[in-house]
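Start from chain A and add chains B and C according to the hints.
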Amino acid sequence: MWKLPLTKFSNMRFPTPVALSWIAELIGAEVIGDEHALAGGINEIHRVEPGDLAFVDHPKYYNTCLQSAASFIIINTKEVSIPEGKALLVVNQPFDAYTAIVEYFRPFQPAVKPVSDTAKIGAGTYIAPQVFIGEHVIIGRNCRIQPNVTILEHCVIGDDVVIQSGTVIGSDAFYYNTKKDRENWYRRMLSCGRVVIEDAVEIGAGCTIDRGVSHDTVIGRGTKIDNQVHIGHDTIVGRNCLFAAQVGIAGATTIEDGVVLWGQVGVNKTLTIGKNAVIYAQSGVGVDVEPGKIYFGSPAEDASIKKRELVWIKRIPELWQKVMNS
Amino acid sequence: MWKLPLTKFSNMRFPTPVALSWIAELIGAEVIGDEHALAGGINEIHRVEPGDLAFVDHPKYYNTCLQSAASFIIINTKEVSIPEGKALLVVNQPFDAYTAIVEYFRPFQPAVKPVSDTAKIGAGTYIAPQVFIGEHVIIGRNCRIQPNVTILEHCVIGDDVVIQSGTVIGSDAFYYNTKKDRENWYRRMLSCGRVVIEDAVEIGAGCTIDRGVSHDTVIGRGTKIDNQVHIGHDTIVGRNCLFAAQVGIAGATTIEDGVVLWGQVGVNKTLTIGKNAVIYAQSGVGVDVEPGKIYFGSPAEDASIKKRELVWIKRIPELWQKVMNS
Amino acid sequence: MWKLPLTKFSNMRFPTPVALSWIAELIGAEVIGDEHALAGGINEIHRVEPGDLAFVDHPKYYNTCLQSAASFIIINTKEVSIPEGKALLVVNQPFDAYTAIVEYFRPFQPAVKPVSDTAKIGAGTYIAPQVFIGEHVIIGRNCRIQPNVTILEHCVIGDDVVIQSGTVIGSDAFYYNTKKDRENWYRRMLSCGRVVIEDAVEIGAGCTIDRGVSHDTVIGRGTKIDNQVHIGHDTIVGRNCLFAAQVGIAGATTIEDGVVLWGQVGVNKTLTIGKNAVIYAQSGVGVDVEPGKIYFGSPAEDASIKKRELVWIKRIPELWQKVMNS
Chain A
1197 MWKLPLTKFS NMRFPTPVAL SWIAELIGAE VIGDEHALAG GINEIHRVEP GDLAFVDHPK
1257 YYNTCLQSAA SFIIINTKEV SIPEGKALLV VNQPFDAYTA IVEYFRPFQP AVKPVSDTAK
1317 IGAGTYIAPQ VFIGEHVIIG RNCRIQPNVT ILEHCVIGDD VVIQSGTVIG SDAFYYNTKK
1377 DRENWYRRML SCGRVVIEDA VEIGAGCTID RGVSHDTVIG RGTKIDNQVH IGHDTIVGRN
1437 CLFAAQVGIA GATTIEDGVV LWGQVGVNKT LTIGKNAVIY AQSGVGVDVE PGKIYFGSPA
1497 EDASIKKREL VWIKRIPELW QKVMNS
Chain B
1197 MWKLPLTKFS NMRFPTPVAL SWIAELIGAE VIGDEHALAG GINEIHRVEP GDLAFVDHPK
1257 YYNTCLQSAA SFIIINTKEV SIPEGKALLV VNQPFDAYTA IVEYFRPFQP AVKPVSDTAK
1317 IGAGTYIAPQ VFIGEHVIIG RNCRIQPNVT ILEHCVIGDD VVIQSGTVIG SDAFYYNTKK
1377 DRENWYRRML SCGRVVIEDA VEIGAGCTID RGVSHDTVIG RGTKIDNQVH IGHDTIVGRN
1437 CLFAAQVGIA GATTIEDGVV LWGQVGVNKT LTIGKNAVIY AQSGVGVDVE PGKIYFGSPA
1497 EDASIKKREL VWIKRIPELW QKVMNS
Chain C
1197 MWKLPLTKFS NMRFPTPVAL SWIAELIGAE VIGDEHALAG GINEIHRVEP GDLAFVDHPK
1257 YYNTCLQSAA SFIIINTKEV SIPEGKALLV VNQPFDAYTA IVEYFRPFQP AVKPVSDTAK
1317 IGAGTYIAPQ VFIGEHVIIG RNCRIQPNVT ILEHCVIGDD VVIQSGTVIG SDAFYYNTKK
1377 DRENWYRRML SCGRVVIEDA VEIGAGCTID RGVSHDTVIG RGTKIDNQVH IGHDTIVGRN
1437 CLFAAQVGIA GATTIEDGVV LWGQVGVNKT LTIGKNAVIY AQSGVGVDVE PGKIYFGSPA
1497 EDASIKKREL VWIKRIPELW QKVMNS
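Residue numbers (this note's numbering), protein chains in the order written: chain A, 1197 to 1522; chain B, 1197 to 1522; chain C, 1197 to 1522.
Keep in mind that the hints were calculated from the coordinates and are not lab data.
In this text the structure is predicted, and so the values were computed from the model without any measurement.
Errors might be hidden in some of the hints.
Each pair may be met inside one copy or between any two copies, as identical chains are not told apart.
What the hints assert, rightly or not - In the DSS-like style, the derived pairs of lysine-lysine whose C-alpha atoms are separated by at most 27 Å in a straight line are: (1) K1489 / K1256; (2) K1376 / K1471; (3) K1503 / K1518; (4) K1465 / K1375; (5) K1503 / K1489; (6) K1471 / K1502; (7) K1518 / K1502; (8) K1465 / K1510; (9) K1471 / K1375; (10) K1376 / K1489.
Next up, chain A with everything else stripped away, as it sits in the complex:
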């Protein structure tokens, strides 16, 4: 029986492990370290794992990258100390090198028909007219995919999933390399991750869920999402969450099981919202939220503190009066 590969996120793995010397030739790099070592895949810095390649091009982040789980660092300097068992791939433009590797292993494949021949669709699943399903998409059983939905290449959808009209699954990450000394400041990191949607998830109309840059964006089992919700790249959403309409979640954030986000909530990138936390409508979450907490406000904080604060604001005129009369 087909099962979602969720115990291990399937980021941008190479088909087989690849010798560092081969990678070095592809990107024109000098290897410092063991050139016979084998790389398993490539990842951006937030989601690297042992055996991965990662890249860094700014001195400010050299150390973070070297100390990350990545085994092989594409970098534009030799003047760093290399942690035990790691290797450097030294190039002038690490970003271009990253792009070249991704393009080699995941070349852009233009779709030629609305529903790709390489897509696998489970028994009992209804695909409405005018749905787009890209290459290598996997959809489970008993799903309902409504008209004008777009499911882009390599995305994985579980069983009993509902996706309403106009929703886009697997759009590219909004993730750029910035250099203000060139004509176009921003260059896109190619997205080679996927979107993985577990069983019994329901997604409303007009939503957008970006694929991971090099990892997966995951929506956990039983989570329900209202209309016009945006979920950024590499975000991991737990099970049985409830997101009301027009919620927006930036990239690489973790939303644990049972979290409730009310309408128009915004969540910043690379945060964690703990299990069963509740965020009231229109709040802007800019910090981690502990499990079970209720948050409110923009910027959001503990709802009971925020509510007291609103009462205190109402008392300023009274306070003014007291001071004037004293």
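Just chains B and C now, kept in the frame of chain A:
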């Protein structure tokens, strides 16, 4: 001449009135009361009418449901006092019974073509390429339906209506039965209501308007809606309203005639915003708003009070200074 | 080599200059001034240029319109003093006259196929399945237009542009003539402008960019836009801007080069946000922002002032205590 059936909202009516005994057999219920009584339709609790079935499964809401306009209550207890002229249908799982009735009368019909043969489209109406129009949709005269619009089954559109690209009319309600002692906490209430859009309404691009759960979502004559607006299930919008971009309105709310909602306003569920009220941009409306009032803030309150409050906040440092110097 | 016509915005120009007497006959107007003068095009008041027609129907705006760059004023009075070198076209209903002129020169052309034969698409550009491309659209080279994108008539897209799924380019402006003494209060201004997207712009999924009413909506070179962003009619966005998800910008606003808008920011109409300004998430911009400034809050103000204010609010209880104890 075809006219919109707006004097009486056409919720989930049965084709003909149905004997309670027949319903009881369908859902395996014990009838307490007159089993020869005839039920006209089924409705969720916010919009029930005499002759309707409704259901309740939590003791907290038993009384609300029994005292509602519903004539026949699907319930999981016998230990309640039954109002004069009403009857109970006792089952273990009222939610499952509700679902079974809806599925019997409104079985899911997979669309097989982009524009259904059962849809009726008035003279002078332009349907662009790549529009989806579901079963039993009715569209009036001289409308303009732009590319990539989705109009789902049973929705009704008046004359002189404009719907811009990417908009979805008739997506399912975001309305769940919650029980945290099962693997998947949330189970969707099937939506058997419609969206009814009156004459001269104009709807922008990328909007989503959910159908009613058991009733209709209605957009009143002459109302104009900007891009990326979300309107929840069973919401009734009056005539000549103006909603700016990215407004979100939750379910079962009533917006009276002439209301103006500026950009990114959020409105909570089951509220009433009175005639000609104006809500300033980004406000979050969590309480009823009286006719003619201007509201602002998140949470929103009377705009003149809110503006004074913003001035008072600016005076805290001055107040601090006074206290320090006294 | 094809180049974007960006030095001069191509608003609603007539094919050749048109004699005022001919226009007068078309709309049944009395000419006050030189009826042999030649009009070059028609524009709404925010974007008029010399040689243009403009219209005004409310005494409150007579003077603004007469003193604007417009050469020829469609107006419902003779009791105004006419600036040197200008002429009036006097009618009872200037709005209807404006509509008649636009409809004559830009009659509605129903699309009959998903990709129009009059569209021009550059070499190396990929158009995915289920994309709609309207009449007279121009798309440059090496673009990627993803599934279920809608690009409406007359829009112009540069080279190396990416547009992700579900996005709508060229929807009509949300811009109405209001009169509350008729059954339908709001009548739409016909949109005869375009959307012009310069080279190397990237636009996320589920965005909506409205065409100008009589001018162009412009997205400058190298600007990157995340998912579910709304940009109103006649807005001019500079180069190398960065807009995060769910940003909304109202009509006829100017965003200068290098501006960063974080998630869910709202920007009011007809403002200017200066070069390299940064607006923090969920802010509501209701006033002009000077170049290089950082703004925050709803309503937005200088972020350092706003942050101090948040600290002052936290100190109210302490202040209260001091006053009570004094």
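Quick rundown of the hints versus the structure:
1. K1489 / K1256: Only across copies: K1489 and K1256 sit 25 Å apart there, 34 Å inside one copy, limit 27 Å.
2. K1376 / K1471: between (40 Å within a copy, 14 Å between copies)
3. K1503 / K1518: both (23 Å within a copy, 22 Å between copies)
4. K1465 / K1375: Answer is within: at 21 Å inside a copy they meet the 27 Å cutoff, but 31 Å across does not.
5. K1503 / K1489: both (14 Å within a copy, 24 Å between copies)
6. K1471 / K1502: within (21 Å within a copy, 31 Å between copies)
7. K1518 / K1502: Classified as both; 24 Å inside a copy, 22 Å across copies.
8. K1465 / K1510: Between copies only: 26 Å across, 33 Å inside.
9. K1471 / K1375: Between copies only: 17 Å across chains, 38 Å inside a chain, cut-off 27 Å.
10. K1376 / K1489: Intra 41 Å, inter 18 Å, cutoff 27 Å: inter-copy only.
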